[in-house]
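Engineer: Dock chain D against the given chain A, drawing on the hints supplied.
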Amino acid sequence: MEITSLEGGITRIRLQGRLDAMGTDNIGVHFSAAAAMAPCRVVVDLCGVGFIASLGMRLLITSARNAKVKMGVMVLYGATDMVQDVLEQMAIDQIMPVVPSEALALEQARAPD
Amino acid sequence: MNGEQLRLSLANRLDALGPARQAMLAFLAPAALHPQVVFKLELVLEEAFMNLLWHAFRDAAEHTLELTVELLPDEVALSFEDDGIAFDPTHAAEPPIPASLLDAPIGGRGLMLVRRAARSLRHERREGRNRMRVAVARG
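As you go down the protein sequences, you meet chains A and D in turn. Counting in our numbering, the first sequence runs from 1 upward without gaps. Counting in our numbering, the second sequence runs from 1001 upward without gaps.
Keep in mind that the hints were calculated from the coordinates and are not lab data. Every residue, glycine too, gets a C-beta built ideally from N, C-alpha and C. Don't take every hint at face value.
[As the list claims (entries may be wrong)] To give an idea of the interface, some chain A residues facing chain D are shown, with a C-beta separation under 8 Å as derived from the structure:
1. Asp20
2. Ala21
3. Ser54
4. Thr62
5. Arg65
6. Lys68
7. Lys70
8. Met71
9. Met82
10. Gln89
11. Ala91
12. Gln94
13. Ile95
14. Val99
Here chain A stands alone, though its shape is the one from the complex:
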């Protein structure tokens, strides 16, 4: 996991590997802490994520909700086709922004609510 502070107070979290039970357990605390950094405008790069299961989605939803409560936003981007399919099947794209590219993610993260 790579965490980068970008212009405009945006935090980019770049994930690698598997968001399965073990992978999510390994990154959970650090991911949650990074996503909670003020002002909670977070873009999450899923390009390097080859697998996601329910525990991975739970982590994303929990952090996105925390950001929302603090008037921030979390945007997911760059999901591979198979990860994107799962996100859509579970309607994750209906409750938080899921976009193809980093440029679009940054645009959404900068946009006022």
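Structural biologist: Frame of chain A; chain D shown alone:
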């Protein structure tokens, strides 16, 4: 319905999941399945196993889960057998689609993922044991 089979006995501990996944992938490798099929099988394995881990047992004792992976001409079937509490996933209700992020349940997606991945899902309770069979289409 005879096909090649892999049978594994797994402890109801999280650290049993990784080796089970690796054994399943090694067993399936010669079949050169489409990556999307393998993805679905990994989802079924993970979600069914975690569901058993969290919900099947009321005591802290170690239990053994029997997993059978069956490679058939048109599908791959994962069968799970456990001595946990009776639970029929074919009759469990799905949570509604949430209207917003703040309304969305944090969890409860595991069984939905299994259903979405599966071509068929069967369950029977016999002699105090749950037997769940999840089949994923090969093509």
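Engineer: Mind listing which of the numbered hints don't hold for this structure, in increasing order?
Structural biologist: 7, 8 and 14
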